[in-house]
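Got chain V sorted already, so can you dock chain S onto it with the hints?
In order, the protein sequence lines correspond to chains V and S. For the first sequence, counting from 1, position 17 maps to 17 in the numbering used here; every step adds exactly one. So the numbering used here is basically just the index in the second sequence, starting at one, shifted up by 159.
To be clear, the hints were calculated from the coordinates, so they are not data collected in a lab. Note that CB positions come from ideal geometry on N, CA and C, so glycine has one too. Each hint should be verified, as a subset may be incorrect.
[Claimed, not checked] Within a straight-line C-alpha distance of at most 20 Å, the following computed SDA-like cross-link-like pairs (lysine to any residue) qualify:
# : chain 1 : residue 1 : chain 2 : residue 2
1 : S       : LYS279    : V       : THR4
2 : V       : LYS131    : S       : LEU171
3 : S       : LYS195    : S       : PRO248
4 : V       : LYS120    : S       : LYS168
5 : S       : LYS201    : V       : LYS120
6 : V       : LYS36     : S       : GLU196
7 : S       : LYS168    : V       : ASP128
8 : V       : LYS20     : V       : SER99
[Stated by the list, open to error] Counterexamples of contact, computed for chain S against chain V with all Cβ distances above 12 Å:
#  : residue
9  : GLN164
10 : ASP217
11 : ASN223
12 : ASP226
13 : LYS227
14 : LEU239
15 : LYS242
16 : SER249
17 : ARG254
18 : GLY262
19 : ASP269
20 : ASN305
[What the hints assert, rightly or not] Looking from chain S toward chain V, a few residues come up when the C-beta cut is under 7 Å (computed):
#  : residue
21 : CYS268
22 : GLY312
23 : LEU316
There are 2 protein chains.
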Amino acid sequence: MNSTQTMVKMVLDRWYSQIKNFDNILNSITDKQLQKEIAPNKNRGIYLLGHLTAVHDDMLPILNFGDKLYPELNEPFLKLPDKSIIEIPSAKELRGFWSEVNGILTQQCDSLQPDEWFQKHNSVSAEDFSKEPHRNKLNIIITRTNHLSHHTGQLVLIK
Amino acid sequence: MNSTQTMVKMVLDRWYSQIKNFDNILNSITDKQLQKEIAPNKNRGIYLLGHLTAVHDDMLPILNFGDKLYPELNEPFLKLPDKSIIEIPSAKELRGFWSEVNGILTQQCDSLQPDEWFQKHNSVSAEDFSKEPHRNKLNIIITRTNHLSHHTGQLVLIK
Numbered sequence: 001m002n003s004t005q006t007m008v009k010m011v012l013d014r015w016y017s018q019i020k021n022f023d024n025i026l027n028s029i030t031d032k033q034l035q036k037e038i039a040p041n042k043n044r045g046i047y048l049l050g051h052l053t054a055v056h057d058d059m060l061p062i063l064n065f066g067d068k069l070y071p072e073l074n075e076p077f078l079k080l081p082d083k084s085i086i087e088i089p090s091a092k093e094l095r096g097f098w099s100e101v102n103g104i105l106t107q108q109c110d111s112l113q114p115d116e117w118f119q120k121h122n123s124v125s126a127e128d129f130s131k132e133p134h135r136n137k138l139n140i141i142i143t144r145t146n147h148l149s150h151h152t153g154q155l156v157l158i159k
Numbered sequence: 160m161n162s163t164q165t166m167v168k169m170v171l172d173r174w175y176s177q178i179k180n181f182d183n184i185l186n187s188i189t190d191k192q193l194q195k196e197i198a199p200n201k202n203r204g205i206y207l208l209g210h211l212t213a214v215h216d217d218m219l220p221i222l223n224f225g226d227k228l229y230p231e232l233n234e235p236f237l238k239l240p241d242k243s244i245i246e247i248p249s250a251k252e253l254r255g256f257w258s259e260v261n262g263i264l265t266q267q268c269d270s271l272q273p274d275e276w277f278q279k280h281n282s283v284s285a286e287d288f289s290k291e292p293h294r295n296k297l298n299i300i301i302t303r304t305n306h307l308s309h310h311t312g313q314l315v316l317i318k
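One chain only, chain V, in its complex shape (with noise of 0.2 Å):
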């Protein structure tokens, strides 16, 4: 194993395994135990979910892997607080949304080749990244996993 493919395995393992612990205390929350506020007048755990579905979703655009699956996540999710909007999805819904969009990521992380992860990524241009090659698509998932992170760590005080 050279150092790209360590440094791969390295970043992709974090990854998966904070997706696999976030989804493990998803799993023993109840969605009317989703409805609830993690702290007093903070987000509802439900928010949560759906605001870790929109920046997911947005990764696949970022990454070059496609389309984003959920724009429609991206008003009531990324750009507003939370109770701003009374219609969002349900939270069964918000559960299918959020395996899909991780099944497809991984499907396509799997895919890439250790030396295609220090290329360029969508949301830099050529030249700030030829000036910048920490700019790469393995710094997406670098700064994602510490994203998810920064949440399982509140979602975990809903129980």
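What follows is chain S alone, placed relative to chain V:
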């Protein structure tokens, strides 16, 4: 910048950015607020601060940077859950320990050459490392960055 340097930069950038983010939140919280629970019947802010300090302090021997500075934090913040011991260091003391531990970690991290990050750390045997080269020093930074993100997501709720 070669690919090893790029990989190390990606991981360390994220680590330092998470520390800075945590510090900004910590600096915006009073000692009195730190005594509050992050959510009803959950850990107090001061416990999270002690816990993170103890975990980061453990990184010194794991990364071969030297002995732990504050082994007395193991019992109250690693072995035992919150509120099991009445006498713990004050918020003011813990803020100082936290800053001290991260300062030394930064100093030591900055002195490592990119290739050295792919060497084995002290919590893995030479035999295991020969089969699992991803269990290197850089991987410790990746996992601890995610650990920090997890608890940062919680501390921010105290405000």
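Verification of the hints:
1. S:LYS279 with V:THR4: 16 Å, holds
2. V:LYS131 with S:LEU171: Roughly 18 Å separates the two Cα atoms, so the pair holds.
3. S:LYS195 with S:PRO248: Status holds; Cα separation ~16 Å.
4. V:LYS120 with S:LYS168: 16 Å, holds
5. S:LYS201 with V:LYS120: 42 Å, violated
6. V:LYS36 with S:GLU196: 17 Å, holds
7. S:LYS168 with V:ASP128: 16 Å, holds
8. V:LYS20 with V:SER99: This hinted pair holds, its Cα atoms lying about 11 Å apart.
9. GLN164: S:GLN164 is in fact no farther than 12 Å from some Cβ atom of chain V, at 9 Å.
10. ASP217: 18 Å, holds
11. ASN223: At about 19 Å from chain V, S:ASN223 clears the 12 Å cut-off, so the statement holds.
12. ASP226: For S:ASP226, whose nearest Cβ neighbour in chain V is about 27 Å away, the distance exceeds 12 Å, so it holds.
13. LYS227: Consistent with the label, S:LYS227 stays out of reach of chain V, its closest Cβ about 24 Å off (over 12 Å).
14. LEU239: Correct as stated: the minimum Cβ-Cβ distance to chain V is 19 Å, above 12 Å.
15. LYS242: About 16 Å separates S:LYS242 from the closest Cβ of chain V, which puts it past 12 Å; holds.
16. SER249: Given that every Cβ of chain V is farther than 12 Å from that of S:SER249, nearest at about 24 Å, it holds.
17. ARG254: 21 Å, holds
18. GLY262: Non-interface label on S:GLY262 holds, nearest chain V Cβ at 22 Å vs cutoff 12 Å.
19. ASP269: 17 Å, holds
20. ASN305: 4 Å, violated
21. CYS268: 16 Å, violated
22. GLY312: 4 Å, holds
23. LEU316: 4 Å, holds
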